[in-house]
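Protein chains: 2
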Amino acid sequence: MNNFIYHIPTKVIFGKEEHKNVGAIIKSYGFHKVMLHYGGGSIKKTGLYEDVILSLNESGIEYFELSGVQPNPTLSLVHTGVKLCKENKPDLILAVGGGSVIDSAKSIASGALCDFDPWLFQSGEKIITAAIPVATILTISAAGSETSCSCVITNDETGIKRGHSSPFNRPLFSILNPELTYTVSEYQTACGIVDIMMHTLERYITLKNEVSPTDEISEAILKSVIKAGKEAIEHPNSYEARAALMWAGSLSHNDLTGLGKDYFMVSHQIEHEISGKFNHVAHGAGLAVVFPAWAKYAYRYNIPRFVRYAVNVWGILENKSDPEKTALEGILKTESFFASIGMPIRLHELNITEDSFEEMAIKCTNFGGRVLKGYIDYGKVEICDILKLAL
Amino acid sequence: MNNFIYHIPTKVIFGKEEHKNVGAIIKSYGFHKVMLHYGGGSIKKTGLYEDVILSLNESGIEYFELSGVQPNPTLSLVHTGVKLCKENKPDLILAVGGGSVIDSAKSIASGALCDFDPWLFQSGEKIITAAIPVATILTISAAGSETSCSCVITNDETGIKRGHSSPFNRPLFSILNPELTYTVSEYQTACGIVDIMMHTLERYITLKNEVSPTDEISEAILKSVIKAGKEAIEHPNSYEARAALMWAGSLSHNDLTGLGKDYFMVSHQIEHEISGKFNHVAHGAGLAVVFPAWAKYAYRYNIPRFVRYAVNVWGILENKSDPEKTALEGILKTESFFASIGMPIRLHELNITEDSFEEMAIKCTNFGGRVLKGYIDYGKVEICDILKLAL
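From first to last, the protein sequence lines stand for chains U and B.
Under my numbering, think of the first position of the first sequence as 1, with each following residue one higher.
Under my numbering, think of the first position of the second sequence as 1, with each following residue one higher.
Don't take each hint at face value.
In this list, chains with the same sequence are indistinguishable; a pair is considered to hold if it fits within one copy or across any two.
In silico DSSO-like pairs for lysine-lysine, Cα to Cα no more than 30 angstroms straight-line [unchecked claim]:
hint, residue 1, residue 2
1, Lys20, Lys320
2, Lys27, Lys86
3, Lys333, Lys320
4, Lys208, Lys227
5, Lys380, Lys363
6, Lys380, Lys11
7, Lys11, Lys261
8, Lys380, Lys126
It is worth saying that the hints were derived from the structure and are not from the lab.
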């Protein structure tokens, strides 16, 4: 087990109706003024917007708004938010939405307290040293941004999408009410299920075979998500299923499932190029395509780990004389599960063809400036090979 | 799933050599003066004391000491610590030891900032509203106090042992170096293994049968502890086994394994009477005796849950025509595991006889002022019946 630091100061307030207390919670921190940050009209349609405003008003919290966050949140909206925050100086940014809204809020929060373009945090050229506190009311179980230290932004001028991590990105508190996800469409629910699984899977399928209890916890979360995922697709209003997905989503991306391990997030890095270039691709859908291709490419470098995954997560009987067969069965089972919840599992389903591969692979290596680390080093050639397996 | 709040602000610094950075870590918080709190001579024998003092000196941290914490930490030493802290006003109490030292530090930390006896926190008559920050360097994997909000103290005048919970009890940071547990004796290691398992088990075997992913995570941790426990008893210097026990110990008692559930800790409450009355009984050893007795008494009220435990944790094949048999097999497997690592599983092994039962049962009900809540209400009669099953 590697040495690690585990520090999640985010206060999670989980359960029915909890979002209606947001004003009082903000007040308990001594805050008076917030920037309310959200996406399109959906929170107005569901009544969530009204609940939040009512609660803020009841607690005498002053607020101003910035809406319009899109999936794959853009740097240009971050710039708008930074300007607004510099002018209006909120005590807190309250993100009401999913991962995109939360990430946009995080980027604005650090950008508002520096005197350069916050893209430099995304590109790794600068380190965050201060940020306005961010709080969240989560509406989609997926990204895990509500307790994570990561933040993914797309530079809409260049089409480059980059994630970075900082303790300053960790929200102060997050309100998780599973009922708010009843209205998430079947497709978006499925995208979230894939994203949650991948946050755990990419930490689980790594070089070191045995880090206990981290590995057992990852298997536990994967099994929970697979079971709750099926249930939530079938019965969108199942509280228990929505609750399991929501909590598993946070745990999958708040470091717990990678503690003591080296992990690389190769599928995530490759997928960022796909949804960065093709706006119609949801991150989860992109992952459902990339992971099976990556796994078919890479399993041979660590067959015992893929065997353990197949046996412990999918309940596949181990073929002791042909472990490769068991490993592949686990990958195919994952692929067919993604398909069964309505996800694409090949690029052609997303209308993406081979002519875009080289450009994406080059961008993914930062124009030759990095290789992706994993069982092997992935440069342009390897990334193209994986994309071809995804055709 | 019940609504819950999950908030663990304790920073966990985990791994080899990390305790040697304690001075710099304390300095990074802007602290200058600490009270060093520990037990007997063991930290001097192992060289840990010297490492800590060296690190404090290197960082220019002023310190004074209070040693002498015993297993089942006493109120009288807490009183001494409170007096010392009121006189010397440390910025931080640094607990170097196991659960007893940490709990003693927690009680001193809250006692030092109030003007009444901190026993009133233990007895539930007062609520903590302030405490000196506590940090820990953990030397035994067991109690989980290093990230928990709980604190158990024995009133050495009355022999009454009481635990209470408060967010103010959560340490600021905890340094967890598994190497520091290599020298823990086989018996104390086994006591720790039982304590860790019981912290998870008492949250797992509850009224609600299915709370996902909490239940799967509990099963994961239990499996990890059983495996690592066997290994650590056999190979005391196995880093991976010691590391698994240490991290599982923290996770088992920092709320994660009970989220969304009602749980009661009935075995813990009954055991507190045993080790509270009989000083020679280690808490883990007492639990190893009480749990099997409690389980044999209580399983009939929730057979499906005990079946799930038997199947998912112990890998017992489910007997579908006779679930009771499967449930009992799981209990017996637990009991024989405790015995296999050298734990007592009956009270007579601890030289405790029936004539003490009524007194312990009466104390456990706060002299008739409470019943223990669980599958049923446990009053004096039921507690005596369970103790009889443990004879």
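Hints versus structure:
1. Lys20 <-> Lys320: neither (54 angstroms within a copy, 45 angstroms between copies)
2. Lys27 <-> Lys86: Within one copy only: 22 angstroms inside a chain, 32 angstroms across chains, cut-off 30 angstroms.
3. Lys333 <-> Lys320: Answer is both; intra-copy 18 angstroms and inter-copy 28 angstroms each pass.
4. Lys208 <-> Lys227: The answer is both: 27 angstroms in one copy and 18 angstroms across copies each meet 30 angstroms.
5. Lys380 <-> Lys363: Within one copy, since 9 angstroms is at most 30 angstroms while 71 angstroms is not.
6. Lys380 <-> Lys11: For Lys380 and Lys11, neither the intra-copy (41 angstroms) nor the inter-copy (39 angstroms) Cα distance is at most 30 angstroms.
7. Lys11 <-> Lys261: both (25 angstroms within a copy, 18 angstroms between copies)
8. Lys380 <-> Lys126: within (26 angstroms within a copy, 64 angstroms between copies)
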